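Trainee: In our numbering, the protein residues as written are 189 to 545.
Check before you lean on any hint, since a few could be wrong.
[Unchecked claim] Here are the simulated DSSO-like cross-link-like pairs (lysine-lysine), alpha carbons at most 27 Å apart as the crow flies: (1) Lys245 / Lys209; (2) Lys245 / Lys296; (3) Lys303 / Lys245; (4) Lys279 / Lys303; (5) Lys279 / Lys209; (6) Lys296 / Lys209.
Don't read these hints as lab results, they were simulated from the structure. This structure is a prediction, so every number in the text was calculated from the model and none was measured.
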Amino acid sequence: MPNERADVPHVLDDPPPFHSKLSDYGERPYWSADGTRIAFVETNYGDVCELDVETGKVRNLTQGLGGHHSFLRVLVLSNGDYLLIGPRTFKDRDTSRHVESELWVLDKNAHRPPKPLGRRIFEGCGVSAGTPLITYAVGGRNDPDRLAADAYECHVTEIAYGDDGPVLGRDTVFYRTRGRLRPEPQDFRRDDSEVVFAEYVAGAEPPHPRCVVKGARVDTGEVTTYIEEAMVHNECEGIFPDRDHICLESSCDTEWPLYPPRDLWKLKLDGSQQRVRMTSMPADHTWKATNSNVSPDGRWLAYMVALRSDEAGYGRGLGLLDLQAWERSQEASQWETPADRARDNAGKLLSSPVPGS
189 MPNERADVPH VLDDPPPFHS KLSDYGERPY WSADGTRIAF VETNYGDVCE LDVETGKVRN
249 LTQGLGGHHS FLRVLVLSNG DYLLIGPRTF KDRDTSRHVE SELWVLDKNA HRPPKPLGRR
309 IFEGCGVSAG TPLITYAVGG RNDPDRLAAD AYECHVTEIA YGDDGPVLGR DTVFYRTRGR
369 LRPEPQDFRR DDSEVVFAEY VAGAEPPHPR CVVKGARVDT GEVTTYIEEA MVHNECEGIF
429 PDRDHICLES SCDTEWPLYP PRDLWKLKLD GSQQRVRMTS MPADHTWKAT NSNVSPDGRW
489 LAYMVALRSD EAGYGRGLGL LDLQAWERSQ EASQWETPAD RARDNAGKLL SSPVPGS
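Could you put the whole structure together from the sequences, leaning on the hints where they help?
Mentor: So this is what it looks like as structure tokens:
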């Protein structure tokens with residue numbers, strides 16, 4: 189069953205320019221390689237479905253297949269199989285998401301039950317568009333026998349296929365942290381030689397950032413910071429086909445305590461920290477756009493909407509942004525950097541009247 193409906197009008201019933209509604213339920217959309225279908229999670233800890241973009245018809249992929257129906261995420265592997273993430277059974281919202289969530293593979297025809305790969309991971313995952321590689325993080329809570337409680341490591345792992353189906357194969361650990369830094373790999377670029385990831389800063393206090401976007405070379409571990417902003421949550425969420433830009437959940441225009449992000453932005457992956465707003469959620473911050481994925485041809489942005497008060501990953505519908513139309517608009521030319529925004533905010537403070545003057 190879909191998540192509970194909001195008790196306010198749905199933000200996409202009367203959508204902003206370039207926006208449209210795909211579904212009034214669903215979470216975490218992910219495009220098929222041919223751009224005709226969008227896989228998504230029906231509900232928190234539920235089944236995985238697929239929507240035909242042209243007809244709007246929805247097919248439940250996991251219903252009736254095996255005994256495990258508690259998924260949080262779905263991605264599409266280079267061979268068309270589905271990579272699923274979720275616990276074997278739901279226990280509670282912390283344990284099931286942050287401790288026992290694991291990797292599964294569902295065959296592309298959805299004929300057999302999802303097969304567990306035997307690895308618990310921290311949050312989400314990224315997949316290569318052209319090779320059987322995936323990238324993810326493992327934390328101490330996922331693997332306490334091997335890692336300290338505050339330790340995290342990022343992996344690139346090959347999914348190999350044999351007589352018994354998919355298994356985890358060749359594995360490389362390319363990045364490690366301890367303490368307050370919690371990395372979550374998101375996407376490959378540069379022919380799979382670099383992984384772009386979000387790095388959450390637990391308990392961040394001024395002037396530290398809440399989340400930073402970085403990239404790391406898989407062979408050397410060399411790290412590049414793509415955007416870092418004091419007290420702001422900047423989280424990468426879906427790379428563009430050119431691999432030179434990525435979607436960004438940014439709380440740069442959210443009032444104190446500067447969380448959660450309201451809109452999706454486009455970030456340049458050239459180190460300039462330039463971003464431009466794509467979605468146009470209401471200024472009253474009732475709704476937020478999140479968990480985006482760009483179509484393989486770069487024409488469309490699929491995303492999830494939720495109420496500001498909803499926990500991360502909890503969805504109340506799927507939307508579509510016409511990127512071609514948006515790119516012709518004035519909004520698409522309004523690039524900015526964190527430094528630009530800081531100067532603008534300082535100028536506004538200086539020009540504001542002093543109380544009692």
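Trainee: All hints, please: hold or fail.
Mentor: Evaluated hints:
no. : hint            : in the structure
1   : Lys245 / Lys209 : holds (14 Å)
2   : Lys245 / Lys296 : holds (18 Å)
3   : Lys303 / Lys245 : holds (26 Å)
4   : Lys279 / Lys303 : holds (20 Å)
5   : Lys279 / Lys209 : violated (32 Å)
6   : Lys296 / Lys209 : holds (26 Å)
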